[in-house]
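Engineer: Both chains are sitting in their own frames, so use the hints and assemble them into the complex.
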Amino acid sequence: MARPHIEPFCDRDVPFKKMTLPGFPSGMHYKMLSLDKDTGACTMTVQFDAGYRQPPGFSYSDIELLIMEGGLRVGDEMCGPGTYFFIPAGVALPAVSTKTGCLALLMYNQTEPNFVESDEDGDGADRSRLIQVNAYDDLSWQVPTLMPATAPGCLLKILRWDEVTGALSFLYCMVPGFWQDNISFHDCAEEAYHIWGTSWIMQFGDLPTGGYFWRPPYINHGPFASEHGILAFGRTDGELYNHFHFNPYTTLKENREWAAEKLKHRKPALFKWIVAHEHNHLTGSELKK
Amino acid sequence: MAKGKKRRLSPAVRAWLKKELKEQQERYRKIVKEMEALAPQREKWIQEFFQRIQTRGFCVHADIRRRIKPEEIPQRPKRKLRVIY
Ligand SMILES: [Fe+2]
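Protein chains in written order, with my numbering: chain X, 709 to 997; chain D, 2 to 86.
Only chain D is shown next, with the shape it has when bound in the complex (with noise of 0.2 Å):
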C-alpha cells in the first residue's frame, strides 16, 4: 500500500479538512495570546532558574548536575523572548 497516496479527495473531506485548519488557526492564535500573557510570570521563573542552576546545578544528564558561575548565566537580549513558533 502506498501510504498517503494522493486520492481524490471528495468535496465533503475538502470542507471537513478546511474547516478544521481554519480552527486550528484560531486555537494558534489563542494559544499566542495565553503565552504573551505569561510572560512577567515567564520572567520571575527564569530569574528562579538562574538561581537554582547556580546552586542545586544544572542538570547535565541523568543525575549529574554541575553548578553553573555566575559569569555563565546569560545576559537577556533586547529582544523579545518568543516562546511559540
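With the rest of the complex left out, here is chain X (with noise of 0.2 Å):
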C-alpha cells in the first residue's frame, strides 16, 4: 500500500468537503485522512448529513466503516456508535440511511471510492467475510496476547483478522495513566485514529481527538503516554509484531536489518530456507489459499 508517511495529522483542523465522486448520493461529506496513490485506496472520516438515503450497492472495493457518532439506518437495522462493517467487495448492502446525520471512519481498501447500485451482489462476491458487530456493546477488552506486549493498560477489541495476511483492525484504549518505555516498529503499516483522548508519542508529540496516522514499516514510534486515557481504532495491513529497542537515533533500513536479523534467530529453519538458492525470489504464487 502505497501511503506516505501521514503523522501527526488532526482532523479537526480541516473542514469537511462535499462528495463529489460519481455515483455518491448528495448529503456525504469527507476528510482526506490518507490516500494511496496507486491505487486511490483510502481512509476518511465521512459526515453523513441527516437526511442522507443511499440506495442498495456495492464498491468494488473492500469497504470498512466504523461509526463514532450518530447512526445509519441499514436496511431494517438500526447501526449505532461502535458498529463496525467489513464490507467485502462487491457485497451489496441494502438502502443505508440517517435520520438525525452520522460521523464514521470510511476506508476503501483496493479502489478510490466508488459506489454501484445494485440490489444483488456483484458477480464473484464472498458474502461470508461480511463483518457487523458493535464493538461497544458486543465486543469484551482483551489484553494483547503479542509477544513481545504493549505495557499494562493497553487493551484490544479486535474487530477483523485477514487469514492470508494477518492484517488486524482493532479498536484500542489507553486506561488514564498509561506509559510504555520503548521504542517500537513493525514489519506492516500501522494506522489509528482518535475517537477520544489525547496520547503521546516521543517522536510526534501529541495526538489529541480526531488524531490520526498511517506509518509505513520500521518507523520508530514510542515511547508512549497518556494521562487522561484514550479511545482509538486502529488498523495493520500484516501481521502486529512488536520490534521493541531503546535507541531513538536508528533509521528506516538499520529496523528493517535489525528485523531480518532477527527472523535469522527466531525462526531459523525458515530464515534458512528463504535465502537458500532456490528460494530467494519467492512470488507468492506458492501460497496457495
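Calculated directly from the structure, the hints in this document are not laboratory data.
Treat the hints with caution; some may be incorrect.
[To be verified] No farther apart than 20 Å at their CA atoms in a straight line, the calculated lysine to any residue pairs in the SDA-like style are these: (1) D:Lys4 <-> X:Lys726; (2) X:Lys745 <-> D:Lys31; (3) D:Lys81 <-> X:Glu962; (4) X:Lys745 <-> D:Leu18; (5) D:Lys19 <-> X:Met740; (6) X:Lys726 <-> D:Arg28; (7) X:Lys725 <-> D:Glu21; (8) X:Lys726 <-> X:Leu811.
Structural biologist: Below, the structure written as C-alpha cells:
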C-alpha cells in the first residue's frame, strides 16, 4: 500500500468537503486522512448529513466502516456508535439512511471510493467474509496476547483478522496514566484514529481527539503515554509484531536489517529456506490459500 | 469479484484523485515542517527517556522491565534525526 507517512494529523484542523465522486448520493461529506497514490485506496472521516439516503449497492473495493457518532439505518437495522462493518468487494448493502446524521470512519482498501447501485451482489462477491458487529456493546476488552506485548493498560477489541495477510482491525484503549517506555516498530504499516482522548509519542508529540496516523513499516515510534486515556481505532496491513528497542536514532534501513537479523534467530529454519538459492525469489504463487 | 480490478476511471474520478493527491502532498509537507520545529523539544524528551529507562526500566514485555546500564545508552549519531519518512 503506497501511502505516505502521515503522522500526526488531526482532522479537527480541516473542514469537511462535499463528496463529489460519481455514484454517491448528496449529503455525504469527508475529510481525507490518507490516500494511496497508486490505487486510490483511502481512509476518510465521513459525515452523513441528517436525511442522507443511499440506495442498495456495492463497491469494487473491500470497505471498512466504523460509526463514531449518530447512527445509520442499514436495511431494517439501526446501527449506532461502535458499529463496525467489513464489507467485501461486491457485497451489496441494503438501503442506508440516517435521520439525525452520522459521523464515521470509512476505508476503501483496494480502490478509490466508488458505489454501484444494485439490489444484488456483484459477480464473485464473497458474502461469507462480511462482518458486522457493535464493538462497544458486544465485544470485551482483551489484554493483548502478542509477544512482546504493550505495557499494562493498553487493551484491544479485535474487529477483524485477515487469515491470509494477518492484517488486523481493532479498537484499542489506553487507561488514564498509561505509559510505555520503549521504542517500537513493525514489519507492517500501522494506522490509527483517536475517537477520543490524547496520547503522546516521543517522536510526534500529542495526538488529540480526531488525531490520525498512517505509518509505513519500520518507522520508530515510542515511548508512549496518555494522561487521561484514549479510545482509538487501529489497523495494520500485515501481522503485528512489536520490535521493541531503546535507540531513538536508528534509521528505517537499520530497523529493517535488525528485523531480518531477528528472523534468522527466531525462525532459523524459515530464514534458511528463504535465503536458500532456489527460494530467494518468492513470488507468492507458492502460497495457495 | 476481482476486487480492485483495473477499471477505466472516468475523467471526473481521475480529476478527483489528482486533486486529493496534491492536497495530501501539502499535508505531508506541513507535517514535515511541524516535526522539524519539534526537534528541540524532542531532544529533551529523548534525554528524559534515557533517564527513565536507567531508573524505572525499559519495557521488555507487558510489565516486565529491565534497567538499562549507562554504557548501553545509545550515542547520538552526527546525522539529523529523521522521524517522518
Ligand atoms: Fe505500533
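Engineer: Now look at each hint and say whether the structure bears it out.
Structural biologist: Hints, verified against the model:
Taking the CA atoms of Lys4 (chain D) and Lys726 (chain X), the gap is about 26 Å. The hint is violated against a cut of 20 Å. Using a Cα cut-off of 20 Å, the hinted pair Lys745 (chain X) and Lys31 (chain D) holds, with the two alpha carbons roughly 18 Å apart. Straight-line distance between C-alpha atoms of Lys81 (chain D) and Glu962 (chain X) comes to about 15 Å, which keeps the hinted pair within the 20 Å bound. With a C-alpha separation of about 8 Å, the suggested pairing of Lys745 (chain X) with Leu18 (chain D) holds against the 20 Å cut-off.
For the hint pairing Lys19 (chain D) with Met740 (chain X), the CA-to-CA distance comes to about 13 Å; that is within 20 Å, so the pair holds. About 19 Å separates the Cα atoms of Lys726 (chain X) and Arg28 (chain D), which keeps this hinted pair within 20 Å; it holds. Note on Lys725 (chain X) and Glu21 (chain D): the hinted pairing holds, with a Cα-Cα distance of about 11 Å set against a maximum of 20 Å. At roughly 14 Å between alpha-carbon atoms, Lys726 (chain X) and Leu811 (chain X) fall within 20 Å of each other, so this suggested pair holds.
In the structure shown, a violation is registered for the earlier hint numbered 1 alone.
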